[in-house]
Amino acid sequence: MDIPGWHTLKVGTGGEVLLVVDFSAEASRAVAGFDDFVPLLPDRYTVRAPSRAAWADNTDSPVEPDAQFAAWLATADDFGPEVVAVLGYCAGCRLAAALAGRIATSTPPALIFFDPLPVVPQTLSYEFVKAVTPLAPGLGQDVVDGAAERALSQAESATSLDELARWLSTSYADLASRGCAELGIETEFAEQLISRLAEYLRYLTIAAATPSTPGPMPALVLQSREPVPAALHEYADARRLDVPRAELLGSREAADLVTQVLIGRELTAPGPVEP
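Per my numbering, the very first residue in the sequence shown carries number 1047; after that it's consecutive.
One or more of the hints may lead you astray.
To be verified - Straight-line C-alpha distance at most 20 Å; calculated EDC-like pairs for lysine to aspartate or glutamate:
#1 Lys1176 to Asp1089
#2 Lys1056 to Asp1112
#3 Lys1056 to Asp1302
#4 Lys1176 to Asp1220
#5 Lys1056 to Asp1082
#6 Lys1176 to Glu1195
#7 Lys1176 to Glu1272
#8 Lys1176 to Glu1202
#9 Lys1176 to Asp1188
#10 Lys1056 to Glu1110
Said to hold, decoys possible - Restraint-style ranges between C-beta atoms, simulated for each label pair:
#11 Val1109 to Arg1242: 15 to 21 Å
#12 Ser1217 to Ala1099: 21 to 27 Å
#13 Pro1183 to Asp1123: 24 to 30 Å
#14 Asp1112 to Arg1196: 25 to 31 Å
#15 Glu1234 to Val1109: 25 to 31 Å
#16 Pro1290 to Pro1183: 41 to 47 Å
#17 Gly1061 to Ser1258: 49 to 55 Å
#18 Arg1285 to Arg1224: 40 to 46 Å
#19 Gly1061 to Gln1187: 24 to 30 Å
#20 Asp1288 to Val1057: 50 to 56 Å
#21 Asp1048 to Ser1241: 23 to 29 Å
If you are wondering where the hints come from, they were derived from the structure by calculation, not from laboratory data. Quick caveat, the model's predicted, so the values are computed rather than measured. Think of the CB as a built atom: it goes at the ideal place given N, C-alpha and C, for glycine as much as any other residue.
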């Protein structure tokens, strides 16, 4: 069954469904995604992920992030007891928690987090700096350094993540267009870079719009070995794995731990899920 706003990563052999929440499940990016993780799980589970369009901003008629979050969360009403777990990665963990709390079922789905981090203004400026740094050969290092300093300054004084995201997106659009032109890179590729960063920053603002009220507690929190500032640690009982952040969703050890949680939930559930 097709669910509006969601796409299927894998069709399982059983009736159980896993929902995974991240900006993109694509395995083609530098960091392993849920597309890498799904093949490591038992074949019985059907796995669904939000469509990238769920995070897109309508430039003709802008929508506030909290309204866009509410619209996305309403898609939970299309799911039911077939959902046995909701998995979230990084900023997507807050979205995953809200989704798990909304799904109507007598036995709540297991909630599993990978490297959960809250979204703060510096999160957005960090992504901007990461995106603009490769443009140095075309723009010059001084221009890139100046852009990074302005982005950090904007983050420090930001009172609205939505406004900060729009400012960073506009600034990057100018820099990427000029930098790619200087490097002889086609306009189409520059537009792809601009669009992707704008969509990702929008995704972060939507994740930040998730209510901070306590939701369901995660059954498992997995953390890579990358150092994370203590102030950003939300779960003291996280299970730390000896894998870099970029490989966490490609880890067999992580998949085995998730499978154990799924089996445990099955054993304690009141009845089987009908296929």
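To see whether the hints hold, each was checked on the structure:
Restraint check for Lys1176 and Asp1089: the C-alpha separation of about 36 Å exceeds 20 Å, so the hint is violated. Distance check on the hinted pair: Lys1056 and Asp1112 sit about 30 Å apart at the alpha-carbon level, beyond 20 Å; violated. Between Lys1056 and Asp1302 the CA atoms are separated by roughly 18 Å; this keeps the pair inside 20 Å, and the hint holds. Using a Cα cut-off of 20 Å, the hinted pair Lys1176 and Asp1220 holds, with the two alpha carbons roughly 16 Å apart.
Pair hint Lys1056 plus Asp1082 holds up; C-alpha atoms about 11 Å apart against a cutoff of 20 Å. For the hint linking Lys1176 to Glu1195, the alpha-carbon distance of about 13 Å falls within 20 Å, and the restraint holds. Restraint check for Lys1176 and Glu1272: satisfied, since their Cα atoms lie roughly 17 Å apart, inside the 20 Å limit. With a C-alpha separation of about 17 Å, the suggested pairing of Lys1176 with Glu1202 holds against the 20 Å cut-off.
Under the criterion of a C-alpha separation no larger than 20 Å, the hint pairing Lys1176 with Asp1188 is consistent with the structure, at around 15 Å. The hinted pair formed by Lys1056 and Glu1110 fails the criterion: a straight-line CA distance of about 32 Å is larger than 20 Å. The beta-carbon spacing between Val1109 and Arg1242, approximately 20 Å, falls within the hinted interval of 15 to 21 Å. One distance hint, 21 to 27 Å for the beta-carbon pair Ser1217 and Ala1099, holds here, with the actual separation near 24 Å.
At about 49 Å, the beta-carbon gap between Pro1183 and Asp1123 misses the expected band of 24 to 30 Å. For the pair Asp1112 and Arg1196, the beta carbons lie near 27 Å from each other, so the given range of 25 to 31 Å is met. In this structure the supplied range 25 to 31 Å holds for Glu1234 paired with Val1109, their Cβ-Cβ distance being about 27 Å. Taking the beta carbon of each, Pro1290 and Pro1183 are about 27 Å apart, not inside 41 to 47 Å as hinted.
A C-beta distance of roughly 34 Å is found between Gly1061 and Ser1258, which places it outside the suggested range of 49 to 55 Å. Hint check: Arg1285 to Arg1224, Cβ distance near 45 Å, so the stated range 40 to 46 Å holds. Our hint of 24 to 30 Å for Gly1061 and Gln1187 is violated, since their Cβ atoms are close to 56 Å apart. Checked against the given bound of 50 to 56 Å, the beta carbons of Asp1288 and Val1057, roughly 33 Å apart, lie outside it.
Between Asp1048 and Ser1241 the beta carbons are some 25 Å apart, a value that agrees with the proposed interval 23 to 29 Å.
Consistency note: the structure conflicts with the earlier hints numbered 1, 2, 10, 13, 16, 17, 19 and 20.
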